[in-house]
Every structure is written in structure tokens, then in C-alpha cells.
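Listed in order, the protein sequences are those of chains W, V, R and F. For what it's worth, this note's numbering labels the leading residue of the first sequence as 1, then goes sequentially. For what it's worth, this note's numbering labels the leading residue of the second sequence as 1001, then goes sequentially. For what it's worth, this note's numbering labels the leading residue of the third sequence as 2001, then goes sequentially. For what it's worth, this note's numbering labels the leading residue of the fourth sequence as 3001, then goes sequentially.
A couple of the hints might just be wrong.
Unchecked claim - Here are a few chain W residues that face chain F, going by a calculated C-beta distance under 10 Å: (1) Q45; (2) Q223; (3) T242; (4) P244; (5) S245.
Claimed, not checked - Pairs of lysine-lysine, PhoX-like flavour, derived with a Cα cap of 25 Å: (6) K224(W) / K3130(F); (7) K132(W) / K1224(V); (8) K3041(F) / K50(W); (9) K2041(R) / K2158(R); (10) K3224(F) / K2234(R); (11) K2224(R) / K3041(F); (12) K249(W) / K3224(F); (13) K1130(V) / K2158(R); (14) K3224(F) / K2249(R); (15) K224(W) / K3249(F); (16) K224(W) / K1130(V); (17) K1249(V) / K3041(F); (18) K2130(R) / K3224(F); (19) K234(W) / K132(W); (20) K158(W) / K1234(V); (21) K1130(V) / K3249(F); (22) K1224(V) / K2130(R); (23) K1234(V) / K1249(V); (24) K3249(F) / K1234(V); (25) K2234(R) / K2132(R); (26) K2041(R) / K1050(V); (27) K1132(V) / K1234(V); (28) K130(W) / K2249(R); (29) K2234(R) / K3197(F); (30) K249(W) / K2158(R); (31) K130(W) / K1224(V); (32) K2234(R) / K3158(F); (33) K224(W) / K1132(V); (34) K224(W) / K3224(F).
Unchecked claim - Some chain F residues flagged as far from chain V (calculated, every beta-carbon gap over 12 Å): (35) T3029; (36) R3038; (37) D3241; (38) E3246; (39) T3269; (40) G3323.
Calculated from the structure, these hints are not laboratory results. From the three backbone atoms N, C-alpha and C, an ideal C-beta is built for every residue, glycine too.
4 protein chains.
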Amino acid sequence: MIKAGLIGLGYWGPNLARVLHQTSRCEFTACCDLDPRRLEKITRQYPHLKAYRRPEDLLDSDVDAVLIATPISTHYEVARKALHHGKHVFVEKPLADSTARAQELVELAEVVDRKLMTGHTFVYSPPVVKVKELIDSGHLGDLHYLSFSRVNLGLYQKDVDVVWDLAVHDISILLYWLDEFPVQASSFGRSCVQQAKRDVAYLWFQFPSGPVASCEVSWLSPQKMRRTCIVGSKRMVVYDDTDPSEKVKIYDRGVILHQPETFGEFQLTYRTGDMVAPNLANTEPLLIEIEHFFNCIETGETPRTSGKFGAGVVAAIEMANHGGWQPDVALAEHGEVIVTGGKR
Amino acid sequence: MIKAGLIGLGYWGPNLARVLHQTSRCEFTACCDLDPRRLEKITRQYPHLKAYRRPEDLLDSDVDAVLIATPISTHYEVARKALHHGKHVFVEKPLADSTARAQELVELAEVVDRKLMTGHTFVYSPPVVKVKELIDSGHLGDLHYLSFSRVNLGLYQKDVDVVWDLAVHDISILLYWLDEFPVQASSFGRSCVQQAKRDVAYLWFQFPSGPVASCEVSWLSPQKMRRTCIVGSKRMVVYDDTDPSEKVKIYDRGVILHQPETFGEFQLTYRTGDMVAPNLANTEPLLIEIEHFFNCIETGETPRTSGKFGAGVVAAIEMANHGGWQPDVALAEHGEVIVTGGKR
Amino acid sequence: MIKAGLIGLGYWGPNLARVLHQTSRCEFTACCDLDPRRLEKITRQYPHLKAYRRPEDLLDSDVDAVLIATPISTHYEVARKALHHGKHVFVEKPLADSTARAQELVELAEVVDRKLMTGHTFVYSPPVVKVKELIDSGHLGDLHYLSFSRVNLGLYQKDVDVVWDLAVHDISILLYWLDEFPVQASSFGRSCVQQAKRDVAYLWFQFPSGPVASCEVSWLSPQKMRRTCIVGSKRMVVYDDTDPSEKVKIYDRGVILHQPETFGEFQLTYRTGDMVAPNLANTEPLLIEIEHFFNCIETGETPRTSGKFGAGVVAAIEMANHGGWQPDVALAEHGEVIVTGGKR
Amino acid sequence: MIKAGLIGLGYWGPNLARVLHQTSRCEFTACCDLDPRRLEKITRQYPHLKAYRRPEDLLDSDVDAVLIATPISTHYEVARKALHHGKHVFVEKPLADSTARAQELVELAEVVDRKLMTGHTFVYSPPVVKVKELIDSGHLGDLHYLSFSRVNLGLYQKDVDVVWDLAVHDISILLYWLDEFPVQASSFGRSCVQQAKRDVAYLWFQFPSGPVASCEVSWLSPQKMRRTCIVGSKRMVVYDDTDPSEKVKIYDRGVILHQPETFGEFQLTYRTGDMVAPNLANTEPLLIEIEHFFNCIETGETPRTSGKFGAGVVAAIEMANHGGWQPDVALAEHGEVIVTGGKR
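Extracted from the complex, chain W is given alone in its bound form (with noise of 0.2 Å):
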């Protein structure tokens, strides 16, 4: 069986340990943090994890994977280090904090023959799943436009601003529906609490095959919304993550162009059939993007947030931030950035 250490025990990382301890795809062996009140509480939590405070010497133990929740600034380095010692790496969303970074991990995982994978957790979750299946069916139809909310009051990151915490899950949901790349990204912020580090922002971005999309960000929102409008020429879609019951909504709505006769104007007509939201699994996100990095181990297939899809999430937002920056010729030449499946 895989042996598995966790690197990181912050905000995020006890999460990982509980699901690493819960699921039978892996012997969960080893952790490491530099606080060693951290790795007092998880030991005597799992008293039978080896406990490291140095990275490296939980790399040079037997473990086969390695799993990183270290602040995004340290990503780069320590699955760099990882690879390097043969580990398969899992690294939380973003991937790295620039795309060259993030596109030298891709490229040293490629040499040195490791799984390299994305912690983008929502891209597992059942309505996000749901509306990739409605999307790639044809239900929607030619897809319109997408417009995403994610906003509430907190929590601030130390280490990045909100488009680095929060537009990452928007993103990564995007490029997993739509299965390509912005060919143009703008963005617009402020940073209203702390100086240079923006706490609301939209971003808006243009694909290829026609879509556009919005992403509104924010810490400092008196209401939580976790909304996502999606509208395509046959249906429309609302997925609405606070909803306890009802997360995804299918709209049977429409407006009809009818081609003038003859002569004259053209005439608009509005379709408004029933509403559907259809019953979604409860299973949790997080353990089933663990047991399938687990399983892509063992057989080798490509991780729906492989290396590269997270260096792609990371590009994006790179393009937004800088407000039309275009893929380079290194990312070009991979020309495959964003691979969600089977399609390019």
C-alpha cells in the first residue's frame, strides 16, 4: 500500500490528516511542521504518525507521497524538493505562486515520472460535477456567459490577497466546465483594510470558443454568497453552494431570435419552462480527491487537477491580475495547459 506524509499542519492540513487517517487507499505514516506544538497535538491525535519538523527529513523516509499545506509561498520549494526525492506530490490549490514556478513543477514531475496534483477540492464536489455533466451533454447548449459570486466577511489570508484565496476556487471551476483557456483576462480591485492587498475584486474573462465569464471576490461582504449563474442558449443554470438542499438549479429558459420575414424587425420571444434541481450526492469532496490522487498512483491515469490544470489556474489568474497578459510561448508550446479529460 502507498505511504503517505503530510506536509504542513496549519489551517488547512489537520483536514487532510483526518481524511488521510479515514480512507484505506493509503497507510498514512508520517507528518511534518515546524511548530512542534502542531505535531504534539496531531500525534496524540494519530499516535502512530512519525513526526518530523524539517521537511526534508520526512522525504528522505519511505513514505511514496507526499502531500503539501505549507503557506503558498513555500509550495514551489517544497514539492520541488519532493520530486526530486521520487515522491508522487500533492500540493493545495494554487499550485505555486507564479505560473513559471507552477510550470517547472509540471515539467519536473514529466522528467522525473511522478504524479503531480492539484488540491482543487471543489472540482470534486457533486454540483460542480453535476454541471460539468450538464454542460458537456449539451443540456445548457452554446454556453452564454458564467458569472460567480464568492464573498463574506473574512477570513484573510496572511500571505495573499483575495483573488489568490478566493477567485483560485472560482477559476479552477471554470477552466474544469469549460475545458480551455482565456484567450483574454482584466481585473479590478481594491485594497480597502490592509495596504497592498486587495480584499474585494472582479475579475472578467474571454474564452475562445465564445464564453465570457465574471468572478466577484470578496472578504469584506456582510452577506456569504457562493453563487454561480451559468447560462447557456438551451437552459440555464444557478448553482447557489449555501443552499442546503437545493445547490443546483436547472432553469428550462430561454429567449427565442426569430429571423425577420421579409422585412422588418427582428422578434424576440421568451421560453420559461420548469425548474429542476436534481438530487446530488453527499459525499465529500476532499476524500474523493484524495482517494483518486491515491488511485492515479496506482494506475497511472492523469489527475482531473493535474499539475498542469493547476498551472493553468495559476496562469489565469497571473492574465487577470496583469490584465491581458497572454500565454507565453513556454505554456503555448505545452499546448495542452488545461487538460480535464480526454477532450484536447
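Position chains V, R and F against the provided structure of chain W, taking the given hints into account.
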């Protein structure tokens, strides 16, 4: 008593007719439309009205004030004629289809010394006035940002796109609240159903005193939203015009940035207090607006949504449409495009 | 064409007048009210109407059908006179202020061979008709129970309590859906603001085929609710009349009772499927109702909310008010108090 | 420090274990369950615990206090033994399966001079405490009525019906708020899925100081509701436990009855003011409850949800189930069945 005539009996005109009939502030004596069926219908309802097919004929009559609810592309021409005839003029929003024409009307009204007012009805609605009071009184603190969503399925306008149809509401509210003109603006949208007519769009504004604003407008959305979030340093407000009973919610919430002692990191804490939904008057904005018009004619007062105000709204739309357009010299010379009270 | 007259121009009468004017199924020729100001107002709006102050004078005129929207305590007297004058009669709900009087009207209408219909408008509304279809088609399975909430702040009626004002709606819907008369009923309430006039009440009904029902009605509630939950063995429905877009939601949910094998406990499992909110027609129930009245006069068909149906509603209210009152012999002899179609 | 033991590790027991482990107000030393797998699981989690299969053995140990989370039918027997062993006793709600047995436990606890407390956790939750303050301070005026809805799909209990499972919560809240015992009660329900076990029920209560109350409970409802409406003469409150952020809403609304002058009708006017959703503490009710138990042991204070309080809840359920049952002599002699503070 002021004699009033109404030009344009299409979609909106009958609402103006109803209110002109209802108020005791004017004598509603004449109406005008190219379509004789519309004239027949309105005179059946208000038998005392004189009916004209040509605007010129109504303008030659003894009315003191004219209300214009014709298609947007004709606003300029009809309003110009009305001012030349020495009438006080109320023009439905937007004032004109370009800043230059709107500005020309503003100057003409000054030359002929007649009132020019734009029909931005929302500016007279109780929730919008309540938020204005909260901002002006300092109750919200410094404004961080404002986020508007005005989306629904339909109603497509024949001669304009969704920005000129829907965003014009949000921009009028925004300029009324902030009482200043944006220094930068941008927009992004897509023509999904018809060619070269955006049915979904996003607009961004940067205001000189700090706040940023975003407007999302769509004719192609499965759920109706009329939601505005106003975030200040002391309090936050959600104004939801679709809520039947609690349109304005004031949240006593915020983030406090603690200065680090001697050295160390900045600390953030969240403040969460009560939420208050103030009771709002149940008055009809359109009636208040129309009576305000006749009041201003009688007292000489400048209307809250004066011609200048309306020209500012048109200028802000053009600024966003051109993605960063700066107010030109002519506008700057007037130096007070947006006067919504005694402030400037 | 049928000539129709309207008696009673208080709160509800003007709505009937508007619809009588709008439909092409009758000639609306006469109206009547004790208050000359109401008569003046209505004849200004509909100048062709003959106006009467005394019901007798209207009944002496050549109208074929009379619609009665007077205070409840006068329904019996006015309807009786109208039937004696050989008019077809539409009486606003409730048909009369006692079962005995309602029953007398039913019998009288049979004797004089005229249509008697009760104005239970909700029975003609698209969501109520949709739920009826779901029940009758077996889509919901066997009905377990129904729970109604109809509460808001005001509007107090002068001559009746909240049961006669609000519960009458729910009971008409209930009898229409179930098509049978309760075998047992009870009620419980309180007069909070005025003496001896309940402003909050709860009613319980037991139906012969199994289902039970509860109605909560209140004039003294901070939030408006118009919510009905219909629970069947196969599916469950929530009908929320305050929801602007999804008034009917059909839940494919239930509990399955598994027979124990050999010995042991019963096992229960929960079934959760999709939720569907069917698209509903956007027709005005009042217009449908009024046109149904004139249709029935012409075709001889029995109205869906016939006099007998209306007498059943009154009997069910009295049954609940008296806490277990059983339908008396006279009613039982007719054997078909609740006829809502061709079923019985 | 008080040594505490836990009997019963089924559905609810593990929650008590977690809190007993978390608090510093006791030493959690022993646990007991008939099922060895449950014992093994809990001792893996809390290795310092002594594990017993027989309650008697735990009671023979040196624990000072015992918490009982066994099936309802065993509460009486286990609690009785624990009191005879001189332990302080906390019993999960309901205290016993009959008023007589509950009352016997109350008397026994007095005889052996040990604390007896019932686990009515909601009484310690911030929204319920907030409403209690609003009532006691007179902020709501005189209470007119209270309306509870506690419905959802599942969770069926094995040994009791929906009244003993769900209504027990509402009744505990009701008795805590009103601080008096009903003079009359009634209930109505149906066994839909299983025989002789109600899965939907309605309860009515009449309180001596005036207010009436209704409780709707169901295991067979498509939407989850946890809604309570409290209507007073000055203000009205909606307490919705499913609302993630605004569980308590206080409406400054009411109806004013104007005395008629000399002669004429009573006039009613409606008063509508602001709505306030007070900020509520984010504390865990279960922890507060358990720490209150140990506090009471140390200080001698009577628990807010004492044995007497718990016996009152059981008596109110029986009263409703028997449809008007009056508290018997034994209960009346104590004269203070419902003591929820220092008031009586």
C-alpha cells in the same frame, strides 16, 4: 396651475399619464404619439386630454411643461424643440444617447432659463433615499466599494443594449449616493442573442474619493436580482429591491486592523453587531418624482435629477463603454456635472 | 349576451367590476351600492353602467346574472332575493354566514333552476389547479397530510373573525383537492386585539379516506406566509403563494418501510430524488373564475365552486368551530355536499 | 474536581463525551455501554477512560456525577439507580417516559440531596436565551401567541413517536420562556408510515396568563423548518434556527385598537417600525449546558433545566397527548412543577 403635456405613449408613457392625472400639482391637458391607436386609448381613459400626433403641435399649445417618454434616440431632438418653445422639460432616462447631446440640452436649458429634469425614478425611491442618508450622515464610515446586480430574463429593448437599458439605473443611484464623478471606468460584455447588442455586461468605476463600484446587468438570467451591496468602514448595507418587506439591511460589521506592537504582524479582528432593517415609507417614487418636477418649476429649485445630473449619467456610461474615457474639457469646465444637492 | 349586474362596491367589488368590464363573455350593465360616492366613482370609470342604490332596483332591471360582493352577513338575504327574481347568482366567499342559510340558497337555486356559484377564487389559480392534477393523477401517491399557513399583519375584517376571513380560502382549496368532506374537525384560537373576534386560529380536519389537515391563520404575524405542504406516500409538494417564480415545488422524497426478515425490527430508509418546480400559466384566477360563471350559465354545466361547494366550505368551518360537529341530516341527505367535478 | 461518567454511547452519547473531554469543569473518567464495539471506539478516542458494560459497575466506581444518554424507556431505571448510589445525575431529554416516573425521580433526588438535571439543550442556545430576555424585560409586551414548526424528512426514532422526539424541544423552550404550566392542551396527529407511531402531529396549549401556543412537528416533510413566531402586544419575533446568520428577528409591529369616540366603531391601525436581528454569541449550547450542570453541583444552585423542569415537560406532553389532561394532585401539591429560575 402648471399645464402639462406628455409626448410618447409607448411602454412607459401610460405610467406618466396615470401619475399626471393623479397629482394635484399640474393640470394634465395634452398628449402626443405618432400612433393614433395609442391616442385613442389614452383619450378614452382621460377624456379631457387634447391629443396630438406631431410633437410640434403639442409644443405650439399652451402647455407650460412637457414630459418626454419617446424612444431614446429621439430624446435629444424632442427635448431641444421643447426648450426652444420655452417649455420646462422632463425627459425619461437616459437624457440623450450621447454626452455631447445631453450636454447641449443642459446648456440650452440654461440659455432659455427653463427647468430640465431627467426621469431617474429610482433616485426618488425610499430605499435609495435611505441609503443616501446613511452615507451622508457618516453612519457607514468611509465607503470601500459598491456592488450592483440587476439581472433578469428580458425585457429586451428595441433600440438600445442592456447597459443603456439597465445600468443607467444603477449609475444614477451611484452618482446620487457618491455625489462625484468617476475618474476611471471600464466595461465588458457580450452580445449573446442579437448581433452587436450586449445582453450581459459588467461595468467598473473608480471614484476620486476612493470607492470602487461594479455593475452587473443582464437580460439573460434565470433568476431576477436587484441587489446592491454598499460596504463602508463602519457598517455595510444590502439593498435588495426584490425583497417585499426588508429592502434595506444595515449590518454593523467590519474588520479592524490592529497596529503591530514594536514588531510583528498586523492583526485583524472581525466586528459583528446587530442587523437593522429600517422601516421605509410606502410611497410611489414616480409620483414623488413628478411632483418634484412641478415643485422645482414653481420654486426655481434645481431638480435632484437635473439635466446636469442626467448628462453625468450619460457621460459615465460612455466612459465605461469606452473603457477609461476621461471627462472632456467642456464637461470639466462646467465643473459640477453631478450636483445632487447643496454639497458642491 | 348575458347581462350582468354587480351588487357591492366596497373592498372587493371594484376588482369584479374590472374583470366584468374586461371579459367579452358578458355585458356589464348595472351596479349597486348604498354609498353614492362609490357609485359616482365607478360610473366615472365605466360611464355606461346604470347605478342603483337599492339591490331590489337592480334586481328589477333586465340583468340575467348578479354578482354579490356585499358584507358577509348580507350574502344570504341578497342572494335569496336575486334567485327569487330569477337571476343567476355569483356570491363572494363565503356563500353565507351559516350552513343552514347556505344550504337554503342551494336548494332555492335548484327550485328556481338558476346557477348559484361561490367566489372561491383560489380554486381557479394555476398553482392550486396544478396540485389538484398531481393529486388526481396519483403522482403524489396516497395523501398522508396537508399543512396550511396563511398569516400576515392585518387586514382585519369588520364583520367576521380570522377563520371566516382567511381559513375559508384554505378550506376551499382543501375540499377542492380532496373532493370529500371531513369526518371530524376542531379549532383553537384566541382573540388578542378585539373581544370575541379571533385574530389567530388553528383548525384540524380528519378526512374519511385517511389524510389529516391543519390550517394556521393569523392577522397578527410579523411575516407574511402563504404556504401549504402536501405530503403523499410517493411525493411531497410545497405550494408557496408568496414565491414570485416557483410557487409549486414537487419533491421526489419519501420514507420506505422495509418488512423485517424472519424476525427483527422494521427498517426505514429515506428516498431523495429531484425537485421539480413546474412552469405555471400566468393567467388571472379572477378572470378565469368569472368567465367560468358565464360559461356555466350558457352550457348548463355545474360550476367548479358551485353553491353546494360553497355550502360545504361553510359547513367545514362550522364543524371546526364547534369542535367535532358532524354534518347534519339535511346535508347528509343531499349526500354530495362537495362536488368538485364529475367524480361523485 | 468532580469525576464524571457517561452511560449510553449510541446516537447522542459521543457528543456528550466530546464536551466532557473538552471542559475543564470535570474529570471525565468512565463510560458505559452494552455494546463492546462502542466501548472500544470511545476508549480509542479517549484512552484514559475506564469502560464498563453494566451501569451498576460504573455506578460502583468513584464517579461523583453521571450523565445518562440511554434509550428513553431506560432513563427512569438508570437514573433511579444512579441517585440511589448517591450520584448527581444528568438525564438526556425527556427525563422519563411518564410524568409519574419523572416525578418520582424528582422526589428521590430531593431525598438523597443530589442534583438532577434534564438535558434540554435548546434552553441554553443563544437565540432561545435572547428571546427569553426579550420576554422577561417586557420588550415584547404581553404575549398573544406562539407558533412552533419543527419539521423535516426523518430522523425516525426507534422507541418513540414524533411528539416525544421533536415536540419535547419546543415544549422545553415554551416552558422556559413562559415560566408557567399550561391549563389546557390538546394534540392531533397521524401515523403515516408505521403503525401506532405518529410521524406528524400538532399540539395546542393554553397558558394561565393568557397566551396560546401551537407546535407542528413532523418527520415527513420535504423542507426542513425550525421556525418559531412569538407575537406580543408591543413587538413580534421570528426565531428561525435554520437561518445561518439571523436566527432572531425582532419586528417593531403591531395593531392598535382605538376606542370609539362617544359612539361608532372601533378603529384599528397598524404600526410598522424597524426590524432588528440582534447579534448572537457563537457559543455551543451543549458545552454551556454541561458546564452549568457541574456549576450547579459545586454551588448548590438549581439547574435551569432541573429535574422538576424536565418533569414539567413530560407532564405537558402527556397533557397534550391526553387532550386536556390536568396536572394531577401529586404534581399540584409540589405547586411549582415549572421552575425555570428564581421567579416562582
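Quick rundown of the hints versus the structure:
Below 10 Å, beta-carbon pairs count as interface contacts, and Q45(W) has one with chain F at about 9 Å; its hint therefore holds. For the restraint placing Q223(W) at the interface with chain F, the shortest Cβ-Cβ distance is roughly 7 Å, inside the 10 Å limit, so the hint holds. Because the beta carbon of T242(W) sits about 8 Å from the nearest beta carbon in chain F, less than 10 Å, this interface hint is met. For the restraint placing P244(W) at the interface with chain F, the shortest Cβ-Cβ distance is roughly 7 Å, inside the 10 Å limit, so the hint holds.
At about 7 Å, the closest approach between the beta carbon of S245(W) and any beta carbon in chain F falls short of 10 Å, and the interface hint on this residue holds. The straight-line distance between the Cα atoms of K224(W) and K3130(F) is roughly 24 Å, inside the 25 Å bound, and the hint therefore holds. Of the pairs offered as hints, the one joining K132(W) and K1224(V) holds, with about 24 Å between alpha carbons and a cut-off of 25 Å not exceeded. Taking the CA atoms of K3041(F) and K50(W), the gap is near 23 Å; set against the 25 Å cutoff, the hint holds.
The straight-line distance between the Cα atoms of K2041(R) and K2158(R) is roughly 23 Å, inside the 25 Å bound, and the hint therefore holds. Taking the CA atoms of K3224(F) and K2234(R), the gap is about 18 Å. The hint holds against a cut of 25 Å. With a C-alpha separation of about 49 Å, the suggested pair K2224(R) and K3041(F) falls outside the 25 Å cut-off, and the hint is violated. Pair hint K249(W) plus K3224(F) holds up; C-alpha atoms about 18 Å apart against a cutoff of 25 Å.
With a C-alpha separation of about 35 Å, the suggested pairing of K1130(V) with K2158(R) is violated against the 25 Å cut-off. Among the hinted pairs, K3224(F) with K2249(R) is consistent with the structure: their alpha-carbon atoms are about 14 Å apart, no more than 25 Å. Restraint check for K224(W) and K3249(F): satisfied, since their Cα atoms lie roughly 18 Å apart, inside the 25 Å limit. For a cut-off of 25 Å, the pair hint linking K224(W) to K1130(V) stands: about 23 Å separates their Cα positions.
Of the supplied pair hints, the one linking K1249(V) and K3041(F) is violated, its CA atoms being roughly 48 Å apart against a limit of 25 Å. Using a Cα cut-off of 25 Å, the hinted pair K2130(R) and K3224(F) holds, with the two alpha carbons roughly 23 Å apart. Our distance criterion of 25 Å between C-alpha atoms is met by K234(W) and K132(W), whose separation comes to about 15 Å. A distance of roughly 23 Å separates the Cα atoms of K158(W) and K1234(V); the hinted pair therefore holds under the 25 Å criterion.
Of the pairs offered as hints, the one joining K1130(V) and K3249(F) holds, with about 21 Å between alpha carbons and a cut-off of 25 Å not exceeded. Our distance criterion of 25 Å between C-alpha atoms is met by K1224(V) and K2130(R), whose separation comes to about 24 Å. Between K1234(V) and K1249(V), the direct Cα distance comes to roughly 14 Å. Compliance with the 25 Å bound is thereby established for this hinted pair. Only pairs whose Cα atoms come within 25 Å are accepted, and K3249(F) paired with K1234(V) is accepted, the gap being roughly 22 Å.
A threshold of 25 Å between alpha carbons decides the hint, and for K2234(R) with K2132(R) the separation of about 15 Å falls inside it, so the pair holds. For the hint pairing K2041(R) with K1050(V), the CA-to-CA distance comes to about 23 Å; that is within 25 Å, so the pair holds. Simply put, K1132(V) and K1234(V) have alpha-carbon atoms about 15 Å apart, close enough for the 25 Å limit, and the pair holds. At most 25 Å may separate the alpha-carbon atoms for a hinted pair to count; K130(W) and K2249(R) meet this at roughly 21 Å.
A distance of roughly 19 Å separates the Cα atoms of K2234(R) and K3197(F); the hinted pair therefore holds under the 25 Å criterion. For the hint linking K249(W) to K2158(R), the alpha-carbon distance of about 44 Å lies beyond 25 Å, and the restraint is violated. With a CA separation close to 23 Å, the supplied pair K130(W) and K1224(V) stays within the 25 Å bound. Restraint check: the Cα-Cα separation between K2234(R) and K3158(F) comes to about 23 Å, which is no more than 25 Å; the hinted pair holds.
A threshold of 25 Å between alpha carbons decides the hint, and for K224(W) with K1132(V) the separation of about 24 Å falls inside it, so the pair holds. The suggested pairing of K224(W) with K3224(F) holds, with an alpha-carbon distance near 21 Å, which does not exceed 25 Å. Every CB of chain V is more than 12 Å from the CB of T3029(F) (nearest about 38 Å), matching its label as outside the interface. Every beta carbon of chain V lies more than 12 Å from that of R3038(F), the smallest distance being close to 39 Å; the non-interface claim holds.
Once the 12 Å rule is applied to beta carbons, D3241(F) is consistent with being away from chain V; the minimum gap is 17 Å. Non-interface call for E3246(F) relative to chain V: violated, since the shortest CB-CB distance, roughly 6 Å, does not exceed 12 Å. Non-interface status of T3269(F) relative to chain V is upheld: no Cβ of that chain comes within 12 Å, the nearest being about 14 Å off. For G3323(F), the requirement that its beta carbon stay farther than 12 Å from each beta carbon of chain V is met, with the minimum near 38 Å.
Of the numbered hints given earlier, the model fails hints 11, 13, 17, 30, 38; all others are met.
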